[in-house]
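Enquirer: For reference, the chains in residue letters:
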Amino acid sequence: SQKIEQNSEALNIQEGKTATLTCNYTNYSPAYLQWYRQDPGRGPVFLLLIRENEKEKRKERLKVTFDTTLKQSLFHITASQPADSATYLCALFSDTGRRALTFGSGTRLQVQP
Amino acid sequence: DTAVSQTPKYLVTQMGNDKSIKCEQNLGHDTMYWYKQDSKKFLKIMFSYNNKELIINETVPNRFSPKSPDKAHLNLHINSLELGDSAVYFCASSYGQNIQMSQYFGPGTRLLVL
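From first to last, the protein sequence lines stand for chains A and B.
Read in our numbering, the first sequence has 19 at position 19, and its numbers run on one by one without any break.
Read in our numbering, the second sequence has 88 at position 88, and its numbers run on one by one without any break.
None of these hints come from the bench; they were simulated from the model.
A portion of the hints provided could be inaccurate.
[Unchecked claim] Per label pair, the in silico range of CB-to-CB distance:
hint	chain 1	residue 1	chain 2	residue 2	range
1	A	Glu-54	B	Ser-39	29 to 37 Å
2	A	Thr-78	B	Lys-52	18 to 26 Å
3	A	Thr-68	B	Met-15	43 to 51 Å
4	B	Tyr-95	A	Glu-54	37 to 45 Å
5	A	Asp-39	B	Met-101	27 to 35 Å
6	A	Glu-5	B	Thr-59	17 to 25 Å
7	B	Asn-57	A	Ala-10	30 to 38 Å
8	A	Glu-52	B	Ile-55	16 to 24 Å
9	A	Ala-31	B	Glu-53	19 to 27 Å
10	B	Leu-114	A	Arg-58	43 to 51 Å
11	B	Ala-3	A	Ala-31	42 to 50 Å
12	A	Glu-52	B	Glu-53	47 to 55 Å
Note that CB positions come from ideal geometry on N, CA and C, so glycine has one too.
Bound-form chain B, shown alone (with noise of 0.2 Å):
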């Protein structure tokens, strides 16, 4: 009955690669979002989709690109990953694009970029 789920939840890599995290939510939810947290435990935003559409786009770099195939799921692919990519990723979703509403967290991907 997991609500938003995440895979891999650890990912270890080399510099230079490619790699998909997967996010999936069962709540019914039409907007999702990526998170980055860093070390210093700052939660930042990066992407936010509303069925299936980008709305947000922060500053984040173009190796960083998302795909929603359907509002349930939210992908997020990053190519010729870089030291500074590590970091835990958190997937979130909530009701409608009315930012108003709570989000729900997934467990998070550890991301170590060696």
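Okay, chain A solo, but in the shape it has when bound (with noise of 0.2 Å):
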């Protein structure tokens, strides 16, 4: 069956450092992928997309990588700040089958000050 696996144990990282998120899935041939920020209490806000044709996208801080061999996208936030704690999800689209968004449960990231 398809799926989607975030790591679902908090990341930890200091002030400064670079955060790297995993999303990876299988059974799955995602025409692109999505990053979104889910803050406690409040709806998911949209970071970056990227399509199965694009290895990577930047967005200020951001980057994120898509590898359909691996079937792996990894999301990057550079010189990280405490602001930047928060629950990430990634979401793919099929453009086979059932043509919606599925999202993964999200990984939550900490920054320490």
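Put the complex together from the two separate chains, hints included.
Expert: Quick look at the structure:
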């Protein structure tokens, strides 16, 4: 069955370091992948979209990679700040079959000052 | 200047009751969605409407009925509420029927069925 896996354990890092979050998927051929940020008690906020034919996408301190061979996306936050502390969700969309975004359960990031 | 708004924010009710959640977006989007986020934080799509027409209807009990009076509004009515319906329900919207577009989420409605 199709599965999206994000590390359910919280990621704790020191301020200034680079945070790297992982999104793995199986039995899926996504056309593209999105990353969202969710703060407690709030709705997800869109961050970045990367297409299957793109290897890397950047936006300010954020970088996303997409490896369709490894079936994995990595989400990096450079020079992390305490304000980056939140849960980060990856979401996949496939052009075939079920035409809807499928979300992972998210990874909580905690940046220590 | 709220982009996607939902009411109510909190909803506590008894099993068997009927309740509605309202959603409005002022972004000029023509596609709207309802998602359910359970206790394990999985966000699952329930319905999607494009210009008031249903385009996605996931395996959701018939007790859930969405209604879109116009493309800026998508309401969710739930009949005969059950304990398992307790969750956070998010409304979202995007441009176009092409689901490649980023989605804008509302603040969520926290439903607790007792």
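Enquirer: Determine for every hint whether it applies to the structure shown.
Expert: How the hints compare with the structure:
Range check, Glu-54 of chain A to Ser-39 of chain B: Cβ separation about 34 Å, and the 29 to 37 Å hint holds. At about 43 Å, the CB distance of Thr-78 of chain A to Lys-52 of chain B disagrees with the hint of 18 to 26 Å. Roughly 45 Å separates the CB atoms of Thr-68 of chain A and Met-15 of chain B, a value that falls within the hinted 43 to 51 Å. The hinted range of 37 to 45 Å is not satisfied by Tyr-95 of chain B and Glu-54 of chain A, whose Cβ atoms lie roughly 20 Å apart.
A beta carbon spacing of about 22 Å between Asp-39 of chain A and Met-101 of chain B contradicts the range 27 to 35 Å that was offered as a hint. Our hint of 17 to 25 Å for Glu-5 of chain A and Thr-59 of chain B holds, since their Cβ atoms are close to 22 Å apart. Between Asn-57 of chain B and Ala-10 of chain A the CB atoms are about 35 Å apart, so this pair conforms to the stated range of 30 to 38 Å. Our hint of 16 to 24 Å for Glu-52 of chain A and Ile-55 of chain B holds, since their Cβ atoms are close to 23 Å apart.
Distance hint for Ala-31 of chain A and Glu-53 of chain B: a CB-CB separation of about 23 Å, consistent with the stated range 19 to 27 Å. Between Leu-114 of chain B and Arg-58 of chain A the CB atoms are about 47 Å apart, so this pair conforms to the stated range of 43 to 51 Å. A hinted range of 42 to 50 Å is violated for the C-beta pair Ala-3 of chain B and Ala-31 of chain A, which are about 26 Å apart. A beta carbon spacing of about 28 Å between Glu-52 of chain A and Glu-53 of chain B contradicts the range 47 to 55 Å that was offered as a hint.
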